[in-house]
Structures are given as C-alpha cells and as structure tokens.
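Q: Sequence:
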Amino acid sequence: MVAHPLRYIPIAADERGWLWSEEMQLWIAPWRGTFLDQDHTWPRFYTPAGDLVLLAEGSRAATCRGC
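Quick note: the sequence shown uses this note's numbering, first residue 254, plus one each step.
Errors might be hidden in some of the hints.
Label-pair restraints from in silico Cβ distances [said to hold, decoys possible]:
id	residue 1	residue 2	range
1	308	278	17 to 25 angstroms
2	292	265	23 to 31 angstroms
3	304	265	17 to 25 angstroms
4	264	284	13 to 21 angstroms
5	263	295	32 to 40 angstroms
6	260	291	15 to 23 angstroms
7	260	292	31 to 39 angstroms
8	273	295	14 to 22 angstroms
9	291	265	26 to 34 angstroms
Hints are computed from structural coordinates only; laboratory data are not their basis. Predicted model, so just to flag it, every value in this text is computed and none were measured. C-beta: ideal position from N, C-alpha, C; glycine also.
Given only the sequences and the hints, what does the whole structure look like? Please build it.
A: If you want it as structure tokens, here you go:
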C-alpha cells in the first residue's frame with residue numbers, strides 16, 4: 254500500500270509475492286516462525302537487499318552475542 258492523505262493505493266507484488274514500500278524503503282513479505290509463542294506465517298520487513306529486519310529483542314540479542 255502507498256500512503257496518501259486520505260486513502261491507500263495497492264502495491265503490486267513482485268514475482269516472489271513481496272511488496273516494496275517506497276515510503277519505508279523496505280520489503281514486506283511473509284516469514285514463518287514463532288513470535289509471542291505462536292508458530293505462524295507473519296508479515297515481516299526485509300531490507301532492500303532482502304535481509305530480515307530484526308525485531309527489537311532480536312536486535313539486542315545479536316548485539317550482545319559474546320557479551
């Protein structure tokens with residue numbers, strides 16, 4: 254979706270089914286895993302290079318490896 258003052262305009266998915274957000278400069282795509290003790294497919298953000306954007310707790314854990 255593209256944000257406009259009064260409405261949203263759909264974004265076409267690419268060949269993988271991923272959505273590119275010009276506003277956030279991130280991909281929005283499915284991720285399968287456990288979050289809040291629920292194992293599901295969740296929408297997640299990915300960098301322009303396709304790397305998963307870590308959630309806050311994952312980011313802290315990655316920063317503290319070897320602390």
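Q: Give a verdict on every hint.
A: Outcome of the hint check:
no. : hint                          : verdict
1   : 308 - 278: 17 to 25 angstroms : holds, 18 angstroms
2   : 292 - 265: 23 to 31 angstroms : holds, 30 angstroms
3   : 304 - 265: 17 to 25 angstroms : holds, 22 angstroms
4   : 264 - 284: 13 to 21 angstroms : holds, 18 angstroms
5   : 263 - 295: 32 to 40 angstroms : violated, 20 angstroms
6   : 260 - 291: 15 to 23 angstroms : violated, 31 angstroms
7   : 260 - 292: 31 to 39 angstroms : holds, 35 angstroms
8   : 273 - 295: 14 to 22 angstroms : holds, 18 angstroms
9   : 291 - 265: 26 to 34 angstroms : holds, 29 angstroms
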